[in-house]
Every structure is written in structure tokens, then in C-alpha cells.
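In case you want the letters, here they are:
Number of protein chains: 4
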Amino acid sequence: MGETELAAFVFVVTGDSGLKRGRNHPVGPAAPTVTKQEAQEAMIIVLKPDHTEEDLQRIVRKLEDKGLGAHISKGEQRTIVGAIGDERVLRETPIESWPGVESVLPILKPYKLVSREFKPEDTIIRVNGREIGGRKIQLFAGPCAVESREVLEEIALSLQPLGVGFLRGGAFKPRTSPYSFQGWGEKGLKMLAAVREETGMLVVTELMDPRDTVLVCKYADIVQIGTRNMQNFRLLTEVGNIDKPVILKRGMSATIKEFLMSAEYIAAQGNEKIILCERGIRTFETETRNTLDLSAVPLLKQLTHLPVIVDPSHAVGRADLVPAMARAAIAAGADGLLVEVHVRPEEALSDGPQSLRPAAFASLLEECARIAQAMGRTL
Amino acid sequence: MGETELAAFVFVVTGDSGLKRGRNHPVGPAAPTVTKQEAQEAMIIVLKPDHTEEDLQRIVRKLEDKGLGAHISKGEQRTIVGAIGDERVLRETPIESWPGVESVLPILKPYKLVSREFKPEDTIIRVNGREIGGRKIQLFAGPCAVESREVLEEIALSLQPLGVGFLRGGAFKPRTSPYSFQGWGEKGLKMLAAVREETGMLVVTELMDPRDTVLVCKYADIVQIGTRNMQNFRLLTEVGNIDKPVILKRGMSATIKEFLMSAEYIAAQGNEKIILCERGIRTFETETRNTLDLSAVPLLKQLTHLPVIVDPSHAVGRADLVPAMARAAIAAGADGLLVEVHVRPEEALSDGPQSLRPAAFASLLEECARIAQAMGRTL
Amino acid sequence: MGETELAAFVFVVTGDSGLKRGRNHPVGPAAPTVTKQEAQEAMIIVLKPDHTEEDLQRIVRKLEDKGLGAHISKGEQRTIVGAIGDERVLRETPIESWPGVESVLPILKPYKLVSREFKPEDTIIRVNGREIGGRKIQLFAGPCAVESREVLEEIALSLQPLGVGFLRGGAFKPRTSPYSFQGWGEKGLKMLAAVREETGMLVVTELMDPRDTVLVCKYADIVQIGTRNMQNFRLLTEVGNIDKPVILKRGMSATIKEFLMSAEYIAAQGNEKIILCERGIRTFETETRNTLDLSAVPLLKQLTHLPVIVDPSHAVGRADLVPAMARAAIAAGADGLLVEVHVRPEEALSDGPQSLRPAAFASLLEECARIAQAMGRTL
Amino acid sequence: MGETELAAFVFVVTGDSGLKRGRNHPVGPAAPTVTKQEAQEAMIIVLKPDHTEEDLQRIVRKLEDKGLGAHISKGEQRTIVGAIGDERVLRETPIESWPGVESVLPILKPYKLVSREFKPEDTIIRVNGREIGGRKIQLFAGPCAVESREVLEEIALSLQPLGVGFLRGGAFKPRTSPYSFQGWGEKGLKMLAAVREETGMLVVTELMDPRDTVLVCKYADIVQIGTRNMQNFRLLTEVGNIDKPVILKRGMSATIKEFLMSAEYIAAQGNEKIILCERGIRTFETETRNTLDLSAVPLLKQLTHLPVIVDPSHAVGRADLVPAMARAAIAAGADGLLVEVHVRPEEALSDGPQSLRPAAFASLLEECARIAQAMGRTL
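Chains as they are written, first to last, in my numbering: chain A, 1 to 379; chain B, 1 to 379; chain C, 1 to 379; chain D, 1 to 379.
Among the clues, some could well be false.
[What the hints assert, rightly or not] Under the rule of at most 25 Å between Cα atoms (straight-line distance), these lysine to aspartate or glutamate pairs were calculated in the DMTMM-like manner:
1. A:K112 x A:E258
2. B:K301 x B:E367
3. C:K66 x A:E347
4. A:K48 x C:D320
5. B:K66 x D:E150
6. D:K112 x D:E258
7. C:K244 x C:D320
8. A:K301 x D:E258
9. C:K62 x C:E96
10. B:K48 x A:E121
Simulated from the structure, these hints should not be mistaken for lab results.
For reference, chain A alone in the conformation it holds in the complex (with noise of 0.2 Å):
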């Protein structure tokens, strides 16, 4: 079928004198044109089992009005509706809460961009010359917050030899209390920059606030949307509209889902050189401070085109399981990993008590290494 094709559902349901056609609305000019670009969307309307003629004939009357094809099949137990049409225009037609109607259930995903179905093949993200999603893991590494010149400088030091490719820490720091440190800002901008010149690794950080973009920008190869940011829409749009590459860290409470909706806001904005990050969720369980949802991984790769990368260090909260998470990550298909180091962790301003110092990272280092091998990648 061709691109101005229509596709249509009709739903026809027998009693025992056999097959009767259900009614069919006949689709003539009215319907709407579908290009690949602003593809259908197919929702199954389940009416509840006391629905009247009235409310089945109201909804097909309505799905009419709006353009979209309503198609009725008719069972022993249940009605059904098929509605179908222009993808926007089935989101923003509230059906389940028409008279007559118990649930809707939608059939197509709902982001397009990100989706592994629009773009087959791995997303591989250069920036200064290293990639992100193919054949080599990156190590993303540093400190929670930047603390100060020389102890960014410091902390750098212990990891480039290790061949960790970017430096992270943030100069702007989401804090739950008002009273903690909340970060040095544009000063802590400069001394990553600073310590950039002086190692080669590039600079990972968090924007918090779009007022800061250009600012941000000014300093920054990666630039990082925090957990608690996953669902400030008007933050992701901002980074849509930036020529730099976005690590998209998970919500603490988000579905997969909701996760890639997140990315398809800033793909739809033009910036597709989006780096998903899970970092763990909230659950029930307190040993540690998230749940790491590894299965999350295989799962994104699956659905979507973009690098997926974790992060242990917020996920468990703990230094001590650091190392086995970043082991499975790797085993599990992470095209790299975030964590938090630093050269003394008693000290920190911010997550100390998941930081690690550049000795045990470095021999976490070695055993991932081995199961990079074992996965047939490099670290």
C-alpha cells in the first residue's frame, strides 16, 4: 500500500447463522491523507457491557467529526470500536471518558523519533573525536560537584591515565535541602574548562535551569538533564535546540515509557544526539538508594536507536557494590558507564558515601575490562 494509502479496521462479529458484517463506515473524502512522516495511530475502544445503541452511535459520530475512521465490531460479550487516523489528533481526543466506553487500548508506540523502528541501525555520537554507542565503552568519571580547582584538577589526574574520555561534575547541583551546597557555578564552569585544557578529557555537566543554556553551553561537551529534570519539558525542549550532545538520565520514578517520550521531546527539537543514562529507581527496598533496573538496558536497545549508559553510583548508593553493578552493566549491553570518583570521598561536599577513590575505580577498571572482552567490546 502506498504512502496516501488508508488502513481501516473493521470489526464483524457472527451469530450462529453465520458471518455478519458489522457496520462499516464507508471512508470517502473526508478521510485524512497518511505520509510515513505523520504516520496513523490505531486504538481498540472496548465499550462496557451496558453501553446503549446511543452511546455506540455517539462515538462513531464524534470519531467522524474529528477525521478518523470508527470501526464497529459487535460480540456476544463485548462491543469494540476500532478508531484510527492521524496520530495527534487520537491523543488529544479524550475517548475513554465518553459515555459507553470502559477502556481504550492504543496499538502503535507513542515516541517516533527515538524509536528503533524509525531508524534501525545504532546511534553512534562523536564528539572531539570519540564515539559513544559503538564498539568501545566510554567511561564517563569524576566527582559529584566541582569542589574546587585543585581537587577537580586532582581527581582528573588519577583518571586520565586510566583512559576515562570524560570528566563529569557538576558546577550547578540539584540539592534536596536549601542548606547544602548547591554548586559554584559559572566558576565551576571555568574550572572544568580549565582542567580540560590541561587533560584532554572532555567536560560532562549538569544544566538545571534554561536560563543557564548559553552559559552551560559555553563550557560543556556533554551536557547532562539530572533525574530530577527527566520530566521539565521546557528544560528538554531548550536542549533540543542545542548543538551538543545530552546524557538523559532517568527519572527516579519513571516508566520506560515516559523515559523515551522524554528523549523523542528533545529529538523533536532537532538534537538527536541523545545518550539515555539509567541511574536506578525508587522502590521499596532502603539497603540501597535506588534499585538499579538493569533489564532496563537490553530493553532500550531493543526499542530505541540511542546509546544507553548507567550509572551505579546513584543507583546503589553505596561505594562497596559499585564495582559488581558497573560488571553488569557492562554485561548486560551498557555502551558505557557513569561514576562517581573521588580522591577523598570523606571529604566531598556531595555523595561521598558513593564515590569511589581512584584505586578501587581503577580496579573496577580491570575487571570490567574483562567482561567488556567477554562481550566483545573494548573499554
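Let chain A serve as the given structure and place chains B, C and D on it in line with the hints.
Same frame as chain A, now just chains B, C and D:
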């Protein structure tokens, strides 16, 4: 349509050339006969975008081999197969794992005997002249565990003048630690019976083990199945065969659907005297022991004809929040309250922190009586 | 003890030979002066069973270096160190990651200005002659999104005669999909203002982006911070600096403590006109959109002096369950209700399934008025 | 300090005038004698800010009445009482509900026999010459349910050449619906035994009901306790008395602490041959059946000496994600894998969608063998 008729879906898809009927599977002599008692289930099978024609043919053949109707709809973006037939067969058929299948959407509810559709009017459970599920909101109160004849008596004598119809108390106690007090067993049951003799209050007590069924039924007026046993299916089957009402507590991580399926287990054996008890679900919040899900009350009243009571004590785990939650439960439509009361919570062998003293409970009842009246009910 | 006194713990442990004082750290001139405004915090540091004497000495030295009191208790099984001092210093010190430390138990609450201990009496927020947090339960109702001047007016004119004091409606809409309707922006704010002119209802609308603060404040009587922005700390700081009341909605996976910390962010900037709104938390249950945590109401009323309102619409996500949850909220002690009402939910551009029609809302109010009366309050 | 010594806390608080000893409770002849076997527990009792002197005196008196040490510390902001003594007494004492008490913080872990502190070296379980918990990673594979002798044999014969040592298969099946296939019972056990005879693979099968213990033990080499029975304490006690190894699956909403407490139940009866199995916990995510909590693996290995295996099949509920999760489990340190394998998943009576075919399982094993080697282990 009569009882022996066959409902069937046909999904048809048109191209721009107009309506084109999909392959319609004639439903001949092999079609299963359906009566109202063994209602059919319908499922919608969504195929993967890259399924092969062979996949599709195999699916149809398999469905037919099992006596299920199979009806194809080829859309521009998706092919869908409607399957319909005997619900047991459908449930046992692992359609989701067949090659080419993306997802399977069931349409009908998986429980039947306990559903509101099956029996539209409220079930009122009568036990020794008391009604549960009627206009009067019933009170079930007492200590977590039966500790001694004296303490139990003291508690009961404080409750009886307040109009509490049911005395609760555990003779067998499920305890997280093997080193905690596990209950007095039969000795405790005898204490309950003796206090019933004295006060006229009926006895509610927990059954933990199918081997104790006869013993517990000898003394209890209502048998309780605890939250940790909500999916102890052998125990559910056991109480499905007794002639006493059962209080079934929701599992701490059970969905409403699973809760109703567990009730269906009991009903399927012939015992329909089931009282559902919402008692809090496990969430990430740590200030309360569990999170009381009061929306379960109106939801259950809609989905089932069974009475619904609420246990605010186990839900919040703190005596100070119990009165507010008891009031809210009644306002939400609960048919009864299950509250832990102890004369000396500071000496209770179990669950002291969430037990109310009789005076506090009396004041809770005063507040609740006003809410009940506002709801057109009595306490 | 006076304001400038120093509190300090000493933990001492005895063997069978009698009491043996642990090392007591003399608190000399270096001890920080404490005023009520900058209260001290105390922490209990539990050491690992296998800690070394060196670990212990290092911990004590580090605490002292930061001007914190350190007090040791050596037990048979565990050594414990009490740390006390300036709360900011304590919070910034990553004690948990120090060698030899097993866990750290804070004793005081991490929020202050919003705590009930800080201000025992209820805060009543007055806005244009209306009181929130007083005996009268306030109603905030209206559509999810402002759709058109006509529809908004029609909704408002249906609400005003029912005694609804506040009209809610989003001009800026946070939507999960970038392809959904995002709100009319300033145009929508103007519609709200025009309808306020006409009906006398005050305007509640959401602020999503710090860049819109001036704009939104120009039109809104109360500014709402949405659930996805509860930890958008820059936005919280922003509304901490305005002179309008703020409705802060609980994040869908926020603990009560985090919720209060976010309120503290606003209060710390000087704006104490904060209305907390419970709107459901994310759980495993899928029958409802979220799980309404009504125990949050009495719990918050205990922990904070701020008014607490409830949004049953977003909590359950289904109009049919809203009335029961609204009644329960009032019975639990809520100071107000935030309800989605639309004249034609079936045409609403957003959240149709959870919106009530004016007639259903009027009947909800009748029921709620009876519950309010039972609570000694008015609607 | 010797075994009979008494540890005790004293909390003392100073004003600026120097150190002032709090009331110290002399621990005389009444003090309980402590041996290593019945270790003491310590608790820290934090009083409410508004507690009275009377509250304090009452708390101390009560603790002393129970033979517990009580040690007071009055701070500027909080009074704290340290309680220490026999752990059973402490656990049974409902201190939290005493007037004036705000919270109680336990210091020691509530489980003992299964703790790493109690037995530092790894437990290796030997069964018919096979070792679980040693260097070799053990494989437990087979169908969810035993369906027929033929199918079971076909599956086993496909697994045996792959080096799978243990054949899993349910003869008694816990099913959510009473209308689903419940297993063949003893007939199924006999099929398992027959196939063991033929293949040499050992048999793992589930025990659901204490009444079936003798029967199941007659045929099984390892008895499995399912996730829904993790807190079926009577069943745990039952298998604590048998002489077979037990696989204990984590409850779907069980914390690590509860999981270990359930293991302690078994160990407390004398059976220490316990294999812990992480199988996914229930979260808000719906793309996977459960969320596999792989951080449980290193955490459990740290807290307990027992072997830990992982069931990726039930965790994710989809065959396509099982291989990645199996690899990750080994990289996280698991001692074994429990995987559902079926020759024809599309015909499986239970859990078809999550079952792998033998060929897919063989390729999973190849990948896992490489990861195991990278971990210095064998498959």
C-alpha cells in the same frame, strides 16, 4: 444471541480501493459451544511489524487447533488477530511467546464469580445475626495477638460497650522474625471462645496453615487470611471449602486484580462469604508502615459485589494516624473497620505502636459515627 | 540552657567493672555558638564491628577539625560516636564514607521553617479575603488546561454558583508527549484574568519555567508548582522570592520528607505562603493512575504548620472514583480540594477521563459538605 | 571484655559549663548475663521534644523492669535513652508506643545464623556431588510446570548435554487464577524422578503446602519455596526441619532484610542448606514482569554466607531479555542461574512467554561462560 451462539471477531482492513475482507475463518462444527456459565474470552493479538506471512498462518492454525476462532486484520502498520473461545483454553495458551507476536490484549476480566457483572446486587454476609455489607458499618477490634486470658478479657470488656460486634485477636501469629512471639495456638483460640461466651462478641482469628483449618473453625466465627498468605493458594482453596465467612486481606504488593483473583479462588470452591480487607500496600514511603490505598474501596465496590472493610492500623503502623484513616475509610465507602486496640499498647507482645487504647478508640468511634451518618449509614 | 549554650553528647560504656567514661572531648573556645536560628544537629555514628582504633581516632579528629563535637561510646558489640554541631557543617560532611563507619543516624529533622516545632500554630494563608487553612475547606476547580475563552467561561460560570473560590486552569501545560497540546501561554493567562474579572473567582495556574515567573505572577493569584517540578530546585527558589501563595504538588515518587524539604526551599527564600497538595504517588497498581496517599494528610498536619489540600483527580485518574476520594480527603483532615471539572470532558484537550462534569461536581460537593460538617468545618 | 560482661550506654550532655553526667543506671546483680550465643541488642530511643520528666522516668522504669539497661542523655534539643539487653526482650518490647517516645533506632541486625558476621566464610552446599556456592556457577533449568513425561524428557535431554546439573519443574503450581492448570501433583513428581533416573540431572521442585512435605521430599533433591510463600512462616518452619537443601525465592515485595529473616526462620530450625534466589521485585515499571534487583547479589554476598542465585526468567517475564540478565547476574557475582527452558514455549501450560528454547539457552550459556571466565569462575 442465545447461549449456544458463537461470537467471533473479524478484523478487516481496506486499501484505498475500498473495503477488503480479511481471511474469514468459517466457524463450523468444531466451534466450541458457549453457555453463560463458561463464558468466552476474547483476546486481541498484535503482531510484530516484521512478522512473516508464515508467522501469521502458524498463529491462525494454532488457534484453530485449539478450537479457538481466529480473525485477521491486516492494517497498513500492523496486523491484528482476534482470538475468541473458551476462556480456560485461551488463558492456558501462551500466545505471547509465539513467533511474530508483539503483544496480547485480553478484553474480559479474569475473575467471574466475585465480579459485579456476575452478581449486580451487594452481597450481605450474615453471621450470628450480624450483617456485614449492609447499612451498618461493622467494627472488628482487639489486640494483634491473644496474649493472655486476662488481657484479652480486659480488652473485650472495654470494646463491647462501644458496640464492637467482632473481637479480633491472633492465636497463630505470622511474625517476620523466628525469634518473636508466635502466638498461643489452640490455647489462644480457647481464650477467644471463652471471652465470646462472656461478652457476646464474635471471634475473628487468623488461619495460617491448612493443617489448622478444623481447629481454627472450631472456635472462630470468621476466619482471617493474612496479607502474607493472600496468594497461598492452597490455603485459599482450603477456606473455599469451609462454611464460615472469610476476611481476605490484600497482599502488600497485590494489585486489585490479583486481590480479586484470590477471592475468586475461595469462591470457586463454593464459599462466597468473602470480606475483602484493604490494609495498605508497600510503597517507597517510610514514614508510614504501608500506604493505605483508599481508592481501592470505591474501586472494589464497583468491580465486585463483596463487602469491603479497611484496616487502618496495619496500613499506617502508627496509632496517631489511625483515627484520621478510619474516618477517611468510612467516607470512601468502607463496610467496616478492623482496628487494633489494646489496653496497654506499651506492653503488647506485637504491634504495640499501632494499637489504640480503648479511650482513644472510643473517641475515634465518635468521630466515625458522625462520618457514617453523613454517609447515610450507622456504626 | 540558654541560646548560646552548647549541647553535646557523651556516650560511655561500662564493662562489668563499672562505669568507664569514654574519651570526653572538652568543648572549649572553638565550640560553635548556637542561636535558635541556626540550630545544631546531632548525629549518631555507628562504627563497623571490625573498625580499627586508628579509624576511630581519625573520625574524632575529622569531626573536631570541622568544629564538631565528637563523643565516643565503646560497647561490647559496637562503638558509637555522637557528633554534634552546626547543621550545615554536619550535612555537608560525608561521614558515611569515612573508613570504619557502618551507618549514620540523624536525629533532628532536616527541615526547619516549615516544621510544626518551629511554628506550632496552623498557618492560614489569606488571599483577596479568602482563607486557606482555616475552618472553611477551600475549593479549587476547573479544567486541566485553558482551552478557549468560551469553554473556560462556561466552566467558571458553572462553578461560581457552587461556591468555588478558586478557578484552576493551565496556560502552560507539562505534557508527557512533545506532540500533545502544550497550552496557550500568555493568551491563556489573559483568558483566566478575564474570567476572574467576570466571576470574581481567583486564579490558580502553573508555573513551569523560571523565565515565565513575572508573566505568570502578573495574572495568577496563586502559583502552582506541578508534581514533575517538585524537585526543580531553581523553580522553587524562584517562587520563594515572589509575593504570591504557592501550591506545591507532591512529586509522584517523593517521600513526605522530600516534600517538606521542597517546601523548605521556598520558605528559605522568604515566601512562607505555601499550600501543600497531595496528588497521589506512583505505585505498582495500574487500575488507578496513581495511588492517593491520604495518610499524608494527617501526617503533614502533624509535621508542618502549612495548609494541606488534596487533588483526587490526578490521583485516581478516573472521574468515577473522584467523589469517594474527595469525601475521604475531607474526612482525613484536608484543608481544600483541587478538582478537575469540565463542561464536556469528552472534548477536553487534556485529562478528560478524570474530569467531572459540573452536575457530578455539584453532587460531590453536597456529599462533601456533609462530611465537612461532621468534621466541624464548612465547605 | 568477656562473655559475661555487660555492655551499656551512657549518654551525657554538657552545658557550656562543662561536662555533666546524665543519670547513670548502675548495672548491678539484676543485669542479664550475656553469652555470644544470645547476643545483646542495643536500641537508641529518641524522645519527643515535648516529653515530660514523668515520661522519661516511666521509660527508664519499664526498661529496668524488663532487665534492660537504660541510659539517659539530655541534650539541648533532644533527650535520648540508650537501651541494651537481651535481643528477644528488646524486640518484644513495644518501646515505640510508649508515651513520650518519638522513634527507636535499632543498632544490630535482626538476623544472626545466616549473617556473614556469624559465619565469615562462604557456605558451600553439596548435593549428590554437586556444589552450590563454590567456584562453579550452577545451572538450574527446565520448564515452569511439569506437563507430561514426554515433554519433560525432551526438555531434560536437551539440557543435559549442555552441562545443566539441576532440572527444575513444578509438580505443584501456584497460579494466580483458580481456573489455570495447577500442576500434576505426585504424578508430576514421579515424572521428575523418572527423568532424573534417565539423565542424572538432580530435581528441584516447589513445595507449596506443609501437608506435602514428605511427598515432595521423597522425590526432590532440592526443595523450592516460591516467591508468594517467602513469608509463609509455617512452611519455612517445615523446611527448616528437613534434610534437603532449600531454594528460597525472594518475595516480590520483600526487602533484603525480610528475605534474610525468612532464611533465618529455616536456619533457626536447624537446616542451614539454604540457597537464596533473587527473582525480581515489584515496581511501577510495566514493560517487564518484575524488576530484577541485581544489587541484591553483592549485597547479600556481603550480609550472608549463603549462596545466591538469580532467576532472570521470572524477573523480566520475556524470553528476549533473559540472556542479557543472565550475563549480568553472573557479572554481579551470582552463584547460579535458574532459567525457564521449554522445547516449545508456544505450547507451555505456564510461563511460555518467558521460556527459552534449548537453542537460545545454549547460546545464552556460551555468552555466560565467557562472563564466568572473566569472573574467574566456571559454568
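Hints, one by one, checked against the model:
{"no.": "1", "hint": "A:K112 x A:E258", "result": "13 Å, holds"}
{"no.": "2", "hint": "B:K301 x B:E367", "result": "23 Å, holds"}
{"no.": "3", "hint": "C:K66 x A:E347", "result": "11 Å, holds"}
{"no.": "4", "hint": "A:K48 x C:D320", "result": "14 Å, holds"}
{"no.": "5", "hint": "B:K66 x D:E150", "result": "20 Å, holds"}
{"no.": "6", "hint": "D:K112 x D:E258", "result": "13 Å, holds"}
{"no.": "7", "hint": "C:K244 x C:D320", "result": "34 Å, violated"}
{"no.": "8", "hint": "A:K301 x D:E258", "result": "34 Å, violated"}
{"no.": "9", "hint": "C:K62 x C:E96", "result": "13 Å, holds"}
{"no.": "10", "hint": "B:K48 x A:E121", "result": "18 Å, holds"}
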